Structure formats: C-alpha cells, structure tokens
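Protein chains: 2
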Amino acid sequence: MAISTEEQKQAARPVAKADDNVVFVGKKPTMSYVLAAITQFNNGMKEVKIRARGRSISRAVDVAEVVKNKFLSNLKKEIETATEEITDERKNKLNVSTITISLKM
Amino acid sequence: MAISTEEQKQAARPVAKADDNVVFVGKKPTMSYVLAAITQFNNGMKEVKIRARGRSISRAVDVAEVVKNKFLSNLKKEIETATEEITDERKNKLNVSTITISLKM
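From first to last, the protein sequence lines stand for chains A and B.
Numbers 1 to 105, taken from my numbering, label the letters of the first sequence in order.
Numbers 106 to 210, taken from my numbering, label the letters of the second sequence in order.
Since the hints were made in silico from the structure, they are not lab data.
None of the values given here were measured: they were computed from a predicted structure.
One or more of the hints may lead you astray.
Where chain B lies over chain A, by a calculated footprint (3+ residues, C-beta under 8 Å) [to be verified]:
#1 27 to 37
#2 62 to 69
Once the Cα atoms are required to be at most 30 Å apart in a straight line, the calculated DSS-like pairs of lysine-lysine come out as [unchecked claim]:
#3 Lys151/B <-> Lys70/A
#4 Lys49/A <-> Lys28/A
#5 Lys70/A <-> Lys28/A
#6 Lys77/A <-> Lys132/B
#7 Lys181/B <-> Lys68/A
#8 Lys27/A <-> Lys151/B
#9 Lys182/B <-> Lys104/A
#10 Lys133/B <-> Lys93/A
#11 Lys70/A <-> Lys93/A
#12 Lys49/A <-> Lys70/A
#13 Lys154/B <-> Lys27/A
#14 Lys77/A <-> Lys209/B
#15 Lys175/B <-> Lys68/A
#16 Lys133/B <-> Lys151/B
#17 Lys28/A <-> Lys77/A
#18 Lys154/B <-> Lys77/A
Even glycine gets a Cβ: it sits at the ideal position worked out from N, Cα and C.
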C-alpha cells in the first residue's frame, strides 16, 4: 500500500505527548502566553495550539495575533470554536464557549 | 460564455449593501446579538457575519455558538482574526485584535 505524502509528513514529526504543544490561555498577561508559544516553536514544534474558554477567548486571539505579527509572520492559522458544558460548585450546568487557534509552521 | 453555478447563486441573492449582513458585537447582553443574527437569516440572508474587537471577542464567539447550537444547527462557520491599529483620544496608537465569524446557510 502506498504511503501518502501527508502520512510521511506525520511520521517525520517529533514524537510528543498530545498536549505538549498546547498553550492554555488564562488570566496572566498576554505576553506570558506569547513567550510560551514562541518557546514551543523554538523547541522544534511545527504546530502550537492556543486554547482558551469564556472571557479568556479574547486574550487567546491577542496571543495568536502577537505571535504571528511580531515574531513568526509565516505561520498558518486555523481557528475553531466550540461549546463545553461545565458544572460549577453548586452543581449548576453552564455552557461555556471555547476557542482553539492552531498555528502551523 | 458559460455562467457557473456559483455565479448563478451569487446573482440570485437579494441585493443588499455590503454591511447589511454584519452584526457588530459590543457590550450588550449576548442574546441581543443572537436575536439580531437570527433576524438577518429570517429576512432571507444566506450569510451573516458576526464581528467584534478587543474584549468583546469572547462575546462574539458566544453569539455564534448560541446561534448554531440552539437555533440553526446546519450553519457552516468560518472564523478569521486580524489586528487593527486604532488611535485613542490621546493620539496613542494601539493594536486591537478583531474577529469575524461568518455563518452560512
């Protein structure tokens, strides 16, 4: 069976745990997460995912924009949004939006 | 010259100003913008763009998620982010992130 170019590319990527290339954006300053993402690329990652939920989503967009515009301008960007159901401390169920911005070399 | 199916579809769309199908998300409650977007679709629009910048980006994601998950589940979603330079009242230049979420029938 022939192996496609895409499969060869996949195989050539460095072996890493699934979450190694994910930067979870929370309430720290934007530049903390920018630094974390840049560090991942400098460590040889070809793709870094910037994830956030709720009010941190706008900061995640800031992080991706700063990484792309100020540091690594030839990155490709793919964006997905979704809804997660979470349960708070009073056991109420809440829907919260999430964003995943994939930056690829 | 043959007219492609895509061009026919374009021609069949109702004539409208460029910004007619844009919902700008600001600081009002999420459901105000959800209602605005649903109304656009009910008026015959095939595509509605949900736009926001800065801290309102997370609310724009909420709006798109609610429209898709609670009302019109077969919509297709395309997301773009960008950076705009704005000048504040003291004439300082600031970069602000923007998001445009296109929802298509």
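Taking the numbered hints from earlier one at a time, note which ones the structure violates and give those numbers from smallest to largest. 1, 3, 8, 11 and 15
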